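Chains A and B are the protein sequences, given in the same order. Position one of the first sequence corresponds to residue 1 (the working numbering), numbered consecutively onward. Position one of the second sequence corresponds to residue 1 (the working numbering), numbered consecutively onward.
Please note that the accuracy of each hint is not assured.
[Stated by the list, open to error] Listed below are the simulated DSS-like cross-link pairs for lysine-lysine, each with C-alpha atoms no more than 30 angstroms apart in a straight line:
| hint | chain 1 | residue 1 | chain 2 | residue 2 |
| --- | --- | --- | --- | --- |
| 1 | B | K92 | A | K4 |
| 2 | B | K92 | A | K315 |
| 3 | B | K92 | A | K57 |
| 4 | B | K22 | A | K4 |
| 5 | B | K30 | A | K4 |
| 6 | B | K73 | A | K39 |
| 7 | B | K6 | A | K4 |
| 8 | B | K78 | A | K229 |
| 9 | A | K316 | B | K92 |
| 10 | B | K14 | A | K4 |
| 11 | A | K4 | B | K78 |
Since the hints were made in silico from the structure, they are not lab data. All figures in this text were calculated on a predicted structure; none of them were measured in a lab.
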Amino acid sequence: MNTKEILETINMIDNEDLDVRTITMGISLLDCMDPSVEKAAQKVYDKICRYAENLVKTGEDISRQYGIPIINKRISVTPIAMVAGACPTASPVHFAKALDRAAKTVGVNFIGGYSALVHKGFAPGDYALLESIPEALSETEFVCSSVNVGTTKAGINMDAVEKMGRIVKRTAELTAHRECIGAAKLVVFCNAPEDNPFMAGAFHGPGEPDCVVNVGVSGPGVVRAAIQKSGEGRNLTEIAELIKRTAFKITRMGQLVAQEASRRLCVPFGIVDLSLAPTPAIGDSVAYILEGMGLEQCGAHGTTAALALLNDAVKKGGVMASSSVGGLSGAFIPVTEDAGMIEAARSGCLTLTKLEAMTAVCSVGLDMICIPGHTPPEIISAIIADEAAIGMVNSKTTAVRVIPAIGREAGEELDFGGLLGRGPVMEVNPASPLEFIQRGGRIPAPLQSLKN
Amino acid sequence: MNKTEKAVITVIGKDMVGILAKVSAMCAEKSMNVLEVTQSILQDMFVMVMLVDITGSTAAIAQLADEFDELGKSLNLKIHIMHEDIFNSMHKI
Numbered sequence: 001m002n003t004k005e006i007l008e009t010i011n012m013i014d015n016e017d018l019d020v021r022t023i024t025m026g027i028s029l030l031d032c033m034d035p036s037v038e039k040a041a042q043k044v045y046d047k048i049c050r051y052a053e054n055l056v057k058t059g060e061d062i063s064r065q066y067g068i069p070i071i072n073k074r075i076s077v078t079p080i081a082m083v084a085g086a087c088p089t090a091s092p093v094h095f096a097k098a099l100d101r102a103a104k105t106v107g108v109n110f111i112g113g114y115s116a117l118v119h120k121g122f123a124p125g126d127y128a129l130l131e132s133i134p135e136a137l138s139e140t141e142f143v144c145s146s147v148n149v150g151t152t153k154a155g156i157n158m159d160a161v162e163k164m165g166r167i168v169k170r171t172a173e174l175t176a177h178r179e180c181i182g183a184a185k186l187v188v189f190c191n192a193p194e195d196n197p198f199m200a201g202a203f204h205g206p207g208e209p210d211c212v213v214n215v216g217v218s219g220p221g222v223v224r225a226a227i228q229k230s231g232e233g234r235n236l237t238e239i240a241e242l243i244k245r246t247a248f249k250i251t252r253m254g255q256l257v258a259q260e261a262s263r264r265l266c267v268p269f270g271i272v273d274l275s276l277a278p279t280p281a282i283g284d285s286v287a288y289i290l291e292g293m294g295l296e297q298c299g300a301h302g303t304t305a306a307l308a309l310l311n312d313a314v315k316k317g318g319v320m321a322s323s324s325v326g327g328l329s330g331a332f333i334p335v336t337e338d339a340g341m342i343e344a345a346r347s348g349c350l351t352l353t354k355l356e357a358m359t360a361v362c363s364v365g366l367d368m369i370c371i372p373g374h375t376p377p378e379i380i381s382a383i384i385a386d387e388a389a390i391g392m393v394n395s396k397t398t399a400v401r402v403i404p405a406i407g408r409e410a411g412e413e414l415d416f417g418g419l420l421g422r423g424p425v426m427e428v429n430p431a432s433p434l435e436f437i438q439r440g441g442r443i444p445a446p447l448q449s450l451k452n
Numbered sequence: 001m002n003k004t005e006k007a008v009i010t011v012i013g014k015d016m017v018g019i020l021a022k023v024s025a026m027c028a029e030k031s032m033n034v035l036e037v038t039q040s041i042l043q044d045m046f047v048m049v050m051l052v053d054i055t056g057s058t059a060a061i062a063q064l065a066d067e068f069d070e071l072g073k074s075l076n077l078k079i080h081i082m083h084e085d086i087f088n089s090m091h092k093i
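Bound-form chain A, shown alone (with noise of 0.2 angstroms):
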């Protein structure tokens, strides 16, 4: 019995914030297909439910029996534009009614898939799904939706990047009343991955099994105290190896839970998700890790560089201690849900076109982050383009989450509370990409050799 390793993991639970973030189940809807849509929601209700109906219960009970914080329990189900593809003539918000119902049903506290994959054009079911996501997100509670637009096989479908800066737009409008918080359930990614247990972008991909358990762990908070530990005048070098020794250990918990949710609730395990994922409680902050590297705040120059270390030490410190990694697996810089970021974007120290740049490095995209009201359809498109350009170019996973704050300037602020947090409005760059966004088309595939 090593009383200081005992010591160590219980100092880590009580005052740095370190959690299991979700157990996120997967299930595949694709047996659900049925002309009828009220047969169809239907079957997609029952399945959920007879699939997720031990899912909280589970979770609390692994959650006392090891003693670790499981904050979220939540489920991901296959993109519902192709089982909509089934009823054409039929709108898909039903089907986003039977989900939201399903979640309330089962006790989550999301459920993600309420999405379409249109890198490369559009199928049944798929433009119906785009043009029904404000409607459906302002609807409902518990849904969340994403739409892949691109990815570095495909290119990016520019139509499809047109539309959504029209539908991000248009989804905040429709929740003006409740600080826009549809926007905030809303992502367009590049590259996708299919089995991301995170919200609000988590779908369980066509390439998966019937249903799998996925698990993001979490634990900015874990690492920040661990640089603040080591003390002044470590280099680099042994700053990245503290890292690693940290994700190391977050991670083995995460496969633990993991493991443990497979066997109590008999479905496959999936993956372990290997992100950082930061929460607006004090020192559970991504920023405070970057700026414990000896940055005055997060948005500095140096900013990339730090959050590139940090990045890649989290992936080598984790893939060594799970079985299966996967998702989005790296370091989240979502805005309104990291008070370092929040501080940071309210000093006027992080741009969005610093973060912009983070996002070339980090694990996600341009996430949480709040613009002003008025922002123009085609900027959104604009913002999201040059996003997918980066992930497309990178061969990586990035994606857009902005809220257009209806009725604020840049300044003013949102709040969502609970995890999603409350972030500054920022500013945005007003000249017109008008005329680059409406002319459509595909941008093609990258080259993949001559990298430079």
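Given the structure of chain A, go ahead and fit chain B onto it with the hints provided.
Same frame as chain A, but now just chain B:
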């Protein structure tokens, strides 16, 4: 399952008379065999770590966690009981 199952109880807080007695009384009441105890006092802070065999325990570990939590609150201490797997997986390769 005949495998022995072990859990770790940790007690952290301000030192006072009878902590060990109360925690081990709870162990006896639930038929948990105490295998190992280490305790130390660092500047008034009492830190105790106990390894217990819960194979024959009369209560499930989730329930034990709640009861130790209650006991901890009544004594103004932090008492955790956690399955040993968590420590093995985090600190051993």
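A quick look at each hint next to the structure:
Under the criterion of a C-alpha separation no larger than 30 angstroms, the hint pairing B:K92 with A:K4 is consistent with the structure, at around 13 angstroms. For the given pair, B:K92 sits about 19 angstroms from A:K315 by alpha-carbon distance, which is consistent with the 30 angstroms threshold. With a C-alpha separation of about 29 angstroms, the suggested pairing of B:K92 with A:K57 holds against the 30 angstroms cut-off. With a C-alpha separation of about 24 angstroms, the suggested pair B:K22 and A:K4 falls inside the 30 angstroms cut-off, and the hint holds.
For the proposed pair B:K30 and A:K4, the alpha carbon gap of about 27 angstroms is at most 30 angstroms, so the pair holds. For the hint pairing B:K73 with A:K39, the CA-to-CA distance comes to about 52 angstroms; that exceeds 30 angstroms, so the pair is violated. Between B:K6 and A:K4 the alpha-carbon distance is near 18 angstroms, which keeps this suggested pair within the 30 angstroms criterion. Under the criterion of a C-alpha separation no larger than 30 angstroms, the hint pairing B:K78 with A:K229 is consistent with the structure, at around 23 angstroms.
For the hint pairing A:K316 with B:K92, the CA-to-CA distance comes to about 17 angstroms; that is within 30 angstroms, so the pair holds. A threshold of 30 angstroms between alpha carbons decides the hint, and for B:K14 with A:K4 the separation of about 19 angstroms falls inside it, so the pair holds. Simply put, A:K4 and B:K78 have alpha-carbon atoms about 17 angstroms apart, close enough for the 30 angstroms limit, and the pair holds.
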